[in-house]
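2 protein chains.
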Amino acid sequence: MPVLPQPVQDLIAAFERLPGIGPKSASRLTFYLLRAAEDITDNLTEALSAIKRSTGSCSVCHNITLAEQDVCELCSAEDRDESIVCVVEEPIDVLMLERTGGFFGRYHVLHGVLSPIEGVGPDDIKMASLVERAKTGKVKEVIVATNPSMEGDATGLYIQQQLAPLPNVRVTRLARGLPVGGDLEYADQNTLLRALAGRQEIN
Amino acid sequence: MPVLPQPVQDLIAAFERLPGIGPKSASRLTFYLLRAAEDITDNLTEALSAIKRSTGSCSVCHNITLAEQDVCELCSAEDRDESIVCVVEEPIDVLMLERTGGFFGRYHVLHGVLSPIEGVGPDDIKMASLVERAKTGKVKEVIVATNPSMEGDATGLYIQQQLAPLPNVRVTRLARGLPVGGDLEYADQNTLLRALAGRQEIN
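For the record, the sequence lines run as chains A and B.
Heads up, the first sequence is in the numbering used here, so the first residue is 805 and it goes up one at a time.
Heads up, the second sequence is in the numbering used here, so the first residue is 805 and it goes up one at a time.
Errors might be hidden in some of the hints.
You can't tell identical chains apart in this list, so a pair holds if it fits in one copy or across any two.
Calculated cross-link-like contacts (lysine-lysine; reagent style DSSO-like; alpha-carbon spacing at most 30 Å) [unchecked claim]:
#1 K828 to K930
#2 K930 to K856
#3 K856 to K828
#4 K930 to K942
#5 K930 to K944
No wet-lab data here; the hints were simulated from the structure.
Work out the full structure: start from the sequences and follow the hints.
What follows is the structure in structure tokens.
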């Protein structure tokens, strides 16, 4: 005998398919929505049904954009430095970097990372168009901002190799070290080693 | 200049309104759905739009039921003991108790808990119908399974007072003590005190 009506079970199952939401959270969210004000559920339903329909991908940097836009706001902004391109794995990384307020160049979203284990090669991510962009002559620096993982590092190395024939393009990557607000005591050995190797003058 | 297209911002905002989902989780879920297979989003959208439309409330125990059902499965099950009624705060609590597989009576969902601070009185929750059910003469025991909080305890006390005039109805409540798998060292003083007071013979 089913304890829960089918529609309730369906919504729990749908929530459970999302990342970071386990069976308990899925139940909690569902029961919350059951007694929440009508507009909270409506809001979510509408936003969900709109998301795929109304978004597209920027033809330059492959970041998310409105469906009717060909080039995203960041790529068409006159006041951003087009000579510096920051390469990230996913659109969410653009958001994170923008929130720092410390980068004023352009972006390039790979939509993935090289991973021989998972069978992801250069053709499976937006690698070719990055090389194309670098070849135009406008780009002076490519900042590799992939995740500090084995795949992210390998992707950075691959980018560096691909762009090596272009003498005017510097390839850099984000610094490794202790996270701000972190505790040296709890830092892992690798991070500590990188922090030591990358130590800088205090001035 | 908006970094994210409006539909993306809308979905993040809609997720943020849900309990236990902060700005970071909301962004992560949204960006996940943007690149997820179409059916994951569709699934969630459909389940959401169905949930309010197709569910109702059981006229006996006030648990969630299908819109077309008057009485829920648990209340109409012949093999469940109608002489024992377990009183819970929310429909999700019924699910949790059913998952234990240790209760074979009926339920009563209060849809809240008495809280003078928040202005919730007996008329704001399903209290009157509980007293009515107890008065029918079929009920021999009412198990108070409200949360072990100040409000939950006060609600239990109120139920006990309301049912005191009915000599044939026992009012009990769930045991307090150490959580199974818990560590005595980390138990708070109150729980330990209750566990001590409620100690039982080993046999």
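Results of checking the hints against the structure:
no.: 1; hint: K828 to K930; verdict: between (37 Å within a copy, 25 Å between copies)
no.: 2; hint: K930 to K856; verdict: within (20 Å within a copy, 42 Å between copies)
no.: 3; hint: K856 to K828; verdict: both (27 Å within a copy, 20 Å between copies)
no.: 4; hint: K930 to K942; verdict: within (19 Å within a copy, 70 Å between copies)
no.: 5; hint: K930 to K944; verdict: within (19 Å within a copy, 69 Å between copies)
In terms of the numbered hints stated before, the structure departs from none.
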